[in-house]
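Chains as they are written, first to last, in the numbering used here: chain A, 321 to 657; chain B, 321 to 657; chain C, 321 to 657; chain D, 321 to 657.
Fair warning: there could be bad hints in the mix.
Just some of the chain D residues that point at chain C, by a computed CB distance under 10 Å [what the hints assert, rightly or not]: (1) Met-502; (2) Gly-504; (3) Leu-614.
Some residues of chain C that are not near chain A, with every Cβ distance over 10 Å (derived) [unchecked claim]: (4) Arg-328; (5) Thr-339; (6) Arg-348; (7) Ile-390; (8) Ala-399; (9) Arg-424; (10) Ala-526; (11) Glu-533; (12) Asp-628; (13) Ala-632; (14) Asp-644.
These stretches of chain A come out as covered by chain C in the derived footprint (C-beta under 8 Å, 3 or more residues) [claimed, not checked]: (15) 338-348; (16) 478-488.
Read the hints as simulated data drawn from the structure, not as lab findings.
Every residue gets a Cβ at the ideal spot worked out from N, C-alpha and C, and that includes glycine.
4 protein chains.
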Amino acid sequence: MRAVRLIRPGSFVGLDLITSDIPSGTPRDVAIRLHAASLNYRDGLITKGQYPGFVRDKVVPLSDGAGEVIAVGSAVTRAAVGDRVVIHCLPRWIDGAFDSSFVREGFGVSIDGMLSDHAVVDEEAIVKIPDYLSYEEAASLPCAAVSAWNALTDRQSLQPGQTVLVLGTGGVSLFALQISRMFGARVIATTSSAAKAEKLRTLGAAVVLNYQETTDWDGAVLQHTGGLGVDRVVEVGGAGTINRSIACTKAGGHIGLVGFVSGFGATLDPVSVLGRGITLKGIGIGSRVQFESLLRAMSAHRIHPVIDRVFAFEDFRSAFQLLDAGTYVGKILIKID
Amino acid sequence: MRAVRLIRPGSFVGLDLITSDIPSGTPRDVAIRLHAASLNYRDGLITKGQYPGFVRDKVVPLSDGAGEVIAVGSAVTRAAVGDRVVIHCLPRWIDGAFDSSFVREGFGVSIDGMLSDHAVVDEEAIVKIPDYLSYEEAASLPCAAVSAWNALTDRQSLQPGQTVLVLGTGGVSLFALQISRMFGARVIATTSSAAKAEKLRTLGAAVVLNYQETTDWDGAVLQHTGGLGVDRVVEVGGAGTINRSIACTKAGGHIGLVGFVSGFGATLDPVSVLGRGITLKGIGIGSRVQFESLLRAMSAHRIHPVIDRVFAFEDFRSAFQLLDAGTYVGKILIKID
Amino acid sequence: MRAVRLIRPGSFVGLDLITSDIPSGTPRDVAIRLHAASLNYRDGLITKGQYPGFVRDKVVPLSDGAGEVIAVGSAVTRAAVGDRVVIHCLPRWIDGAFDSSFVREGFGVSIDGMLSDHAVVDEEAIVKIPDYLSYEEAASLPCAAVSAWNALTDRQSLQPGQTVLVLGTGGVSLFALQISRMFGARVIATTSSAAKAEKLRTLGAAVVLNYQETTDWDGAVLQHTGGLGVDRVVEVGGAGTINRSIACTKAGGHIGLVGFVSGFGATLDPVSVLGRGITLKGIGIGSRVQFESLLRAMSAHRIHPVIDRVFAFEDFRSAFQLLDAGTYVGKILIKID
Amino acid sequence: MRAVRLIRPGSFVGLDLITSDIPSGTPRDVAIRLHAASLNYRDGLITKGQYPGFVRDKVVPLSDGAGEVIAVGSAVTRAAVGDRVVIHCLPRWIDGAFDSSFVREGFGVSIDGMLSDHAVVDEEAIVKIPDYLSYEEAASLPCAAVSAWNALTDRQSLQPGQTVLVLGTGGVSLFALQISRMFGARVIATTSSAAKAEKLRTLGAAVVLNYQETTDWDGAVLQHTGGLGVDRVVEVGGAGTINRSIACTKAGGHIGLVGFVSGFGATLDPVSVLGRGITLKGIGIGSRVQFESLLRAMSAHRIHPVIDRVFAFEDFRSAFQLLDAGTYVGKILIKID
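Isolated chain A (complex conformation):
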């Protein structure tokens, strides 16, 4: 099989395409011919050697992949040859609450990932792809869409008529917008350009705030919510946005911390958090059961992910280059023929 490995961390130039044997599996494993993989913000940090956690030496990067089952172990009950499947990126997290043991097996981080034409995984790690989604669309989901779903359904899930704040037009934020709309919720989104604003409106955002024009965007969010603030925030910005997100969250509201694009290190304001009973919850992706719930919801509403661009397998370095540039809306995909 052909797989890309991170030989020289520091830049995507350090990624090399290498040929090796397909690993042999156990009776509970399934072998998959991968057809698509997607990139997440985290993959850039890993490639650059900046990821603040353990990364396997010479790892095959990318947590997200989808393909066709080509062989199953003798004890497998959840899949059959020919099934179209997407791989859950934390294969040991099946259901329930987060546990630190799960990250010991994280595709593309602590174990080999999806920038490859084959993968051999435990049958518990796979989820069937609904017929209406392509391999590229399915491969866009495991990290970003499951994180967004987790942030919006943790404990008590979102209700119709509630308001959600999403930040920007990255993968997680667009999924959070689409998921909120499936729940019948109202979405306020921030962005930096008229073109992106148009995209957000097309996807169903009720209010779009250009944060370069409306510099007091948290004040504007309060105005658009009758002074009360939003019920939930899917927070991906980090240091540059977290205090504003808190300021425009309702008393008793919920902020899912999914990312930290602009860095963390923010000095939190005590009165806003303590005095208003707000919850800040770190979202470490999600469980396979959450992924299945997400797909059930998407299928019922025939939701298609927003894909910015699809690269050929051989052009994998260009995909990382675009990730680095940050000039994309939605997801960056790699097609694996």
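Given chain A's structure and the hints, the job is docking chains B, C and D onto it.
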């Protein structure tokens, strides 16, 4: 003021229209000129003297009413003269879990209700009516729609892509159908006629089963859910339906027990409940905060209740007669000029 | 290896001791030399051919076993040779909510169980035994104690000062009593003899009711709870007790349905359940994470299970005979040398 | 009646004892002859004019008080003359989630508080005092003990065998320790002196860390939890402790943010929160139903609050002086004869 009182329990013929003074209020009370009231199944039992709980002597019946605030006590902060309001039928249940003390103040049961042209209530009991709803529409909600909302949001609320079973075309079931659709869920409904089936489809039911033709309707529900069963049931039938409802509920699923139109006294099947981790929850209407959440959701989706017929105040006995006959779809209303 | 198999369902006489090879495992499996197994009410039904679910042909009975790890597959991370482990009886239920797929692999029911001197299981199925517990004590836990823990911690777990009702002196009920005491809760127990009452008091029951003397025991429970009723019931009786359990449960209270010793088929009273917001939840044992939480709690309090009698492996038929007779307090164990 | 009012914010010297009429009540109010009041950290900020929220002009300070009912309004059902009662400090928060409207009526902040010999409050605001507690003990609970209970029972409550971290020997931390012990949980406590350490051990702390000797106290907490971290933290320190608290919390763990004694303004570490699924929840005291649950638990275990010193009513300024000095263990009380 004019109010109808239950003078001779046993029949709606025992209801008499009586004139009295408007009760004086406390500094936390609001006085309301009622413009509409609605009937629920329970009100028939009360009138007939068949209600299995305490009923106040010579009670003013009906738990559900809506009107305009005409005076407020000196300490009132939640309302102003001129506000259009609907009254929450268990005024002491503001938020949180059910408590038996709440039923000591149940409008139309243990304290005087809404079949009157005036009501004086604690400010905590009122909820503002969204502009797009009429007084009749608002008065249709307190008991039936709040029960349906509670059944569908208890603990973990409904998610898009989940499937809900509703039984028949009474008030609770139609609200359960409309609420499920707001959550992006799929609804399977049962009914007994082609005309009612058409109404259910118009409201968004994905599958409608005529239980007179499809006598094995629980088997049909299983077929329509890939053999797994539904995620939630809003159970209003009682003895005649509960075991079938259990049989077609998913492992780990949730059945909200809202009513018992066909009597209770069912012999439950052990394997279905124990071996499949099903929850049966008695739904004693709901809290004011749940009522507010319901209205927020309805407003966002501009949902209008289904009203079968509106009677004039003087024709109140005819309204009870229709309730008794059972030949209505949705809610029976009384307009109070 | 030596294992007992159910050759002729209908009676424990139909169990035969048979010698075979130890099954080979996968890289994720662990091989265990079993030292103890325990019996549950369900095992009697299975042996008699009366279990209302799928039972594997010639199954090795018993869901509960404990022993020492003697070999591990190459990919195993959760165990090492020499570890003292107890096996979770539904090996696919790791965490989260119940799912019907879990029962496809139920030890002693749909797959071979623990009445054997060896078992080979997926590493996810094992839980380490705290040092202070013997193999016999550990083997008493998987089905009965995990069910009791699940019934008392489902959704919102028990709180100090709450009151729990337990019925009789079977395994589940005694574990429910011990667990309730660990949470600082107060326990009311029912029983039929002075000797058993003494045992219940020794284990910490605050109130013990002899249901043969106090025939109105549910009325007595109400008296002992200031007329309000208990917060939770661990219901094991079924038809003979369920309505009395409901009658003496607090409004908003929770009844975990764990067993049906006296049959089911009860006609439920509508007013008690609906009008008082009571939850009835079928408890299908529990997850491995719940088992681990139970052991953590037991370890902190150095709780020892109540064992009625330990039989030698060869006397397995006598163990089933005692189970059938019903004259035991706590658990029946088999020592496997 | 005699009441102390904050005439010149800036220091406790600005508090003056003033005589006025007892306010008249509504039919739902109860009049209470106060016998005790207690001080919280917040009361110092209010007196100094440093509280970061709205404070009523010339407010009667102190949120926490207890006394005897001397009169009840005509509609009161929850109390009778002669009842020994403690007042819930956010009278509008009866049950359910926090809502910003509750703080509009906060005793000693936005409405007159308990440094007075009389109070007239809505009947929903009172909670009966268990017989075994004195007025001083009861008056120590409303703000500090309810906050600790809320932090430890929010969503899923504490379980036996779990580990809790408490910081120092202030009122909230000592209550958190006592409550954790009632749940059968294990407590790790930090402190700065051998004498305080002894007090913590007497109250049941399993591990006490002197943070002046063990400067890497978060590392020590990890060591005492097998490297996993604690299940819950009741965080009162703020900027000086929050990152260490996060560092020694288990993946998936819960931090209740109750106070900020050492200031806030901490720069949070992203990997710890996001990558480990930790929840930070602002605790804005709690509901009356939580207060009642706390009292039920305390009664079952006959728990007595830790009171540092009781001042006479006339010595109220000395009480504030001690609060300012910070040299107390547990609660500062005022006896109102």
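Among the hints numbered above, which are violated by the structure, and what are their numbers in rising order?
-> The structure conflicts with hints 6, 9 and 16, although it agrees with all the remaining ones.
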